[in-house]
Amino acid sequence: MQRFSVFTLARNAIGSNRDWQAHWRQAAPKGDYDIVIVGGGGHGLATAYYLARRHGLRRVAVLEKGAIGADEQTPHVLTIRPETVAAPAGEIFELTRSLYRGLSRQLNFNIQFSVRGALRLCLDETELGECRAIMEIGNAEGLKLRMASGRKIGRLVPGLGRAARQSLNIAGGLYQPKGGLVRADALAWAYARAADAQGIDIVENCEVYRLLRRGDRISGVETSRGPIRARKVALVAGEASTALAGHAGMQLPLETARFRTIMSEPVRPLLNPVVSVPAWNMQVYQAAGGEILASDITPCRDDVEDDATAFERLARGLVRLFPDLASLRLARSWSRPLSGTYDGNPMVGRTGTAGLYVNCGWGAAALQATPASGLILADAIAGGEPQEAAAGYEPGQIEAIALPTPSTGHLGPAPARAGAVV
Amino acid sequence: MARTSFRVEPDQGNGLGHLIDRERVVRFRFDGRSYQGYAGDTLASALLANGVRVFGWSPRLQRPRGIMGAGAEEVDGRVMLRVAGGREMAVQATETPLYEGLRARSIRATPAARLLAGPLRVRLGAMMRAGAEFKTFKAPGRISWDLFEPIARRLTNGAPAPQGTAGGRYEHFHLHCDVLVAGGGIAGICAARKAAAGGARVVLCEQAPRFGGLADIYSARIEGEPAIAWMRQQCAALARANNVQLLANTRIAGTLASGEVAAVERCLDPGPQWFAATGNEEAVRERVWRISAKRIILATGAVERGFLFANNDRPGLMMASAARAHLYRHGVIPGRKGVIYTNNDDAYRTAVLLRQAGVEIARIVDTRPNPDGIAIGHAMAAGLHLSFGAAVSELETIGRGTRITGVRIVPTTRAAARTSAAEPVSCDFVCMSAGWDPVLPAAGATAGEWASPQFDEDRQIFLPGTSGRQIAVGAANGTFALGDIIAEASEAGMAAAWESPFAHRPPVPREKRGGSGWEHRFAPASWTVYPPEESGEADRHFVDLRADLTVADIKLAVREGYWTPAQLRRYIGLDGATGRQAPHNINALAVIAAASGTPLARLANRWARPVTDLSVGALAGFDLGRLGGPERQLPLAGQHTQEGALFRKYDDWNLPHCYPRKGETREKAVVREAVCLRQGVGVMDLTARGKFELAGPQAAELLAGLVDVPATRLGIGECRLAAIHGDHGGMIDVAIAGRLDASRYLLLTAAEVAPIMKRRIASLVGNGLQRWRVLVSDESEHWAHLALAGPRARELLRWLPVRTSDWDDAGLPPGGLAEMQFGGHPLRVLRIGDLGELQYELAISASHASSLWLALSEAGKKAGLMPVGMGARDLVLMEMGRNRRVTGDGGRKVVGLLSEDPQELLTEGARIMLDDALGESSVIAHVAASEMGPNLGRSMALAAIADGHALIGRQVRIASQGGDTFAEVVDPVFHEQARQDQDG
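Chain order of the listed sequences is A and B. Residues in the first sequence are numbered from 0 upward in steps of one, following numbering that gives the first Met the number 0. Residues in the second sequence are numbered from 0 upward in steps of one, following numbering that gives the first Met the number 0.
The set of hints was computed from the structure by calculation and includes no laboratory data. Careful, some of the hints might be misleading.
[Claimed, not checked] Residues of chain A clear of chain B, computed beta-carbon distances all greater than 10 Å: (1) Gly30; (2) Arg53; (3) Gly149; (4) Arg161; (5) Arg164; (6) Gln165; (7) Gln197; (8) Gly198; (9) Ser223; (10) Pro226; (11) Gly245; (12) Ile296; (13) Ala353; (14) Ala381.
[To be verified] Derived coverage of chain B by chain A (criterion: at least 3 residues anywhere in the stretch with Cβ under 8 Å from a Cβ of chain A; other residues may be distant): (15) 158-164; (16) 552-560; (17) 565-573; (18) 905-914; (19) 948-960.
Beta carbons are placed, not taken as given, at the ideal position from N, Cα and C, and that holds for glycine.
Whole structure, please, built from the sequences with the hints as guidance.
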């Protein structure tokens, strides 16, 4: 891999930038691999990278339908939300957070991890109470959360002066100084480049049509670029995983919700922290390029709130928070499907079909758990069982890796049907 | 030098400056200097007339920029418009009408940032190539992104956010019509005229303030009249017609999922009125029209394309059509001596016109080797110097790129380029025209109807896709000859009126030439960089002016593996801004195509993406005061207020939280009311409930599908509590199911569950898989529900003027449901509740609820009745082990926690630690809810713990930031426990 540094930048500047190479090879699929990962998003590429890095497995291919990091989706992810710590799979988010810190250097690619601070606004007493509980949980996990008074909110977000706070009935807030943003697409590119450097084939323009079976084992995949044999296949294709698993006779208990975002044209720096208003299911931040983005916190099912209504809600929330922005022009909007399990716990690991692995059901957390999710799946594929932190990893970054217990690991061929009473 | 030196003098009959009124001088200021213009000018034309070429600086490289267009097609040219009090907003100079006292400033970085960025960018320019930020600042330590990012954010030269512009009104309107014509140029007006004549209801939208499009920059005659005069007559006729609605200043923003077309009307021009609308809820700033149309005719026209050559972003470079528009409309010339760079005939019109206006044309550079036709003849007759088979390779400037001094011309053929050197030609402005691209409508946020443009290989342009509902006509369809445009548009208008579906893109047997003999074809490859062998670097050949991206930037990124437009948008910010013309940036696509080896046609669909070209306010709509659904009020809200209720918002509903007495705190009031529920009698308003009546032979079956109740075991006149499960199992809440008679059932849910229940009924009954013989009516709005709870509830009921035998267990047993009359109106009484007390729920039609309330208060005087709010209800429910913040599921069960010290309140969110036999402790859950139990005389807490029931009786450690304490795991129904203790 061509190293990126100030020195290579300088050398290339002298050489008219002629020496820059492709960040990853445009690999043509070979006929046979040990492991095939279906889906070249952040999760799939992270899995590939950790397979090579932690387990020395290099006969691996990542198959991507389109191009890497070209999804129509919100370009940023929040590194961690305090409330996820309280969730049953909280350890994963904690692990993700620890991984993000050194990731740009480790992958030699700036994923633009930007620590802005995250501010959650409370509009009544009940929400304040919830925030106090979140603070209690988060601080026990070392998140250094604190409650923000009205004046503190005014200092953090200059637009929310006293008058604005009063008219919005802002009762207070929860501030997370270490909260921040990561570029989701940069994360995918960084993993792709690092995985490629380890010898893993990243195959773009390769759509997987169905899974191939021999007996009760998965033997490969049928793709738009021909059949590819593999001993193990991991489905990390988000939405598409459901249909592919269906071909293998397995019904993934997932439901799809949509995650909506609106983005304005760029303006000068105006807003530093990520501001969220749970009462309006909205979070607002300003990207490095100056665009102001308002997006959902929790994805919502299409039949509960359709896209148009959601975009209107987000715009209305933005105008209520910052009335001056009413005349700002919008540049873009996204509605991204995210499939999640009903209890919010992801499914990562082995399935009842030999040789088939899944990583799905993250819901909105998909955007926040990429590194840890890849690492856990890589361990599961390589070892069959989840492992403690293995050799070959930079020490001090992970203490222990524990798989979340619910919904993880073994999936029977016929999981619980929707509507069944648990 | 005279200030208005770039304005031509009015001449008899040439029609130059037909929009300005030379009698009315308008004074304005730009960047601190005062200027003069005329009424009817735009800010852009007035500045050009005063010789101002630099309108602002580019965001990344801080290069000076001017304007290239004359109207909405301009991509750059934004300035800050300001009024007193520091209020300002970014506007497009070409779309801002000039007014007396206008103040504007150019958009530029802060002086410090310019000092830093300017020289630094020049020195490090090659190093800080687009995308470089991904390659550096990776360390988590000192020289990190944390440190650099804020600086980088400040250095970018974007427009400041609008200031002092809050308020104003943004309306949403619905409009129904037979034919929607988008674009009010010649094609649009022809189509609208024919459709209206055919009897259709027509809506004609034009984004400019005036109808007519580019008709005024062609000296053509239509039906014997000059084009402008003809257009004015037609517009007047359309305005008079009853079945035509003309919407000027209205832009098509996209299609909605419903199939409606969203169009945004700008109701106030940027200017004093616009700022005056601040805080004025009556002043309409923008209006969103949601248009339902049976047929859509796209007559959106075309925009001129530019060439790629070195320094093709300098102020003084302009589109040939824009130069002509400024001259015809405002009498403004772009300079004294110019070069015209073209690959088609249309730019010759500009050359000839400028010559007539007294401008020296140093050269016409035409990339076509042997063009012929009328245009060439006109140019030759005017004595212009022509260079065929030649191209501009570079623009030369002085004054840090602010003033053009000349161009370098090279031959287009490789052989000729080898023998002859680049020829310098001096000039002070350049007009270019590399052909015309149809305006593809912005795809809606959801609909794919307009999202797939077709690529015309022959002419190398993208054409809009056609469907049964919509058709493109005129320049928007790649038809450029006037005669063809009129014929095509009229035909489409007639077809639309007759409601016949549009044929799928008519075969184009059009004349290659328009009636006037002007050649409308152009040599397509506008993206070829000359001379070819030097195009390796091409780092001053701008492709995306908004994002400051050059050919070299794109080529490098493609070489690095980012070969789709979507990736490039993210990696280097190609088309990062609104860029209304961005979909037509065919030069960018062509560079990508050439660098990646992908056919240009294949990139078209990848380019299409949802564009939301409207303001935040327009999307939000006029009612900015509230968010998410209407605020719902109880029918008895007035009575509650009389009782001194303190309201709180519960989802959509505004419900009484408590009824504090004089001098009583909220907390005290809640406790008093909670005690009353257990010791006296309280009345709660539960009208917010969801109420459904299910009637029909299959009502019982449907009920069983909705909630967990064996409906067959529900006798007539009975009701019971029934669990509601989530879509994937897990109890959400408890409902009340009752049976009114043999085939009529009642289903009552909590307010927050009502929408879920409604949806579930719709999905069960409405999925069409089974024909249900059941009638479901949502009666939530019809009934008011008042609940009486407490040991003295029955005593109170006896005082109620209701004719009934008795309220004893025999008359109305637990789980009983009775229908009776109150004041001549039906009254339903359910003896049921979840508070663990004697509880009755009285349902009466909402319009008669006040009389029941009055009667209850009368009767209540004797029984000590108190109104009870939601706060007390929540506390009493928690005594029953229920709280909305605590839900169990398959693995986790809700348990109670009792602290060792009864007066100690456990911290919500504290960790619950269990010590195992080895003395190691692990966190098993967190405290979810913790309150003082008003009737328990001690604190209580709830948590959901995996296998929680197995832990009952165990002691756990509660670890919080405040320190550790101990608690016992108990059954969550604290009240039951307390009562047993009392009894025992």
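Here's how the hints hold up against the structure:
1. In this structure A/Gly30 is separated from chain B by more than 10 Å, as the shortest Cβ-Cβ distance comes to about 24 Å.
2. No Cβ of chain B comes within 10 Å of the Cβ of A/Arg53; the nearest lies about 21 Å off, and the non-interface call holds.
3. The claim that A/Gly149 lies off the interface holds: its Cβ sits roughly 20 Å from the closest Cβ of chain B, which is beyond the 10 Å cut-off.
4. With a closest Cβ-Cβ approach of about 16 Å to chain B, A/Arg161 is found to remain outside the 10 Å limit, as its non-interface label requires.
5. Look at A/Arg164: its CB is around 15 Å from the nearest CB on chain B, clear of 10 Å, so calling it non-interface holds up.
6. The Cβ of A/Gln165 lies farther than 10 Å from every Cβ of chain B, with a closest approach of about 15 Å, so its non-interface assignment holds.
7. Every C-beta of chain B lies more than 10 Å from that of A/Gln197, the closest at about 16 Å, which supports listing it as non-interface.
8. For A/Gly198, the non-interface assignment is confirmed: its Cβ lies about 17 Å from the closest Cβ of chain B, beyond the 10 Å cut-off.
9. Non-interface call for A/Ser223 relative to chain B: holds, since the shortest CB-CB distance, roughly 15 Å, exceeds 10 Å.
10. With a closest Cβ-Cβ approach of about 25 Å to chain B, A/Pro226 is found to remain outside the 10 Å limit, as its non-interface label requires.
11. No Cβ of chain B comes within 10 Å of the Cβ of A/Gly245; the nearest lies about 18 Å off, and the non-interface call holds.
12. Separation of A/Ile296 from chain B is adequate, the least Cβ-Cβ distance of about 13 Å exceeding the 10 Å criterion.
13. At the 10 Å boundary, the C-beta of A/Ala353 stays outside the reach of chain B, the nearest C-beta of that chain being 27 Å off.
14. Residue placement check: A/Ala381 keeps its beta carbon more than 10 Å from all beta carbons of chain B (closest about 27 Å).
15. With 7 residues bearing a CB less than 8 Å from a CB of chain A, the region 158-164 of chain B meets the requirement of three and the coverage assertion stands.
16. Closer than 8 Å: that is the beta-carbon criterion, and the region 552-560 of chain B has 4 residues meeting it against chain A, so the requirement of 3 holds.
17. Against chain A, the region 565-573 of chain B contributes 5 residues with a C-beta closer than 8 Å to a partner C-beta. That satisfies the three-residue criterion, and the hint holds.
18. With 5 residues carrying a beta carbon less than 8 Å from a beta carbon of chain A, the region 905-914 of chain B meets the three-residue requirement, and the given coverage holds.
19. Counting residues of the region 948-960 of chain B whose C-beta lies closer than 8 Å to any C-beta of chain A gives 3; at least three are required, and the coverage claim holds.
In summary, this structure violates none of the numbered hints.
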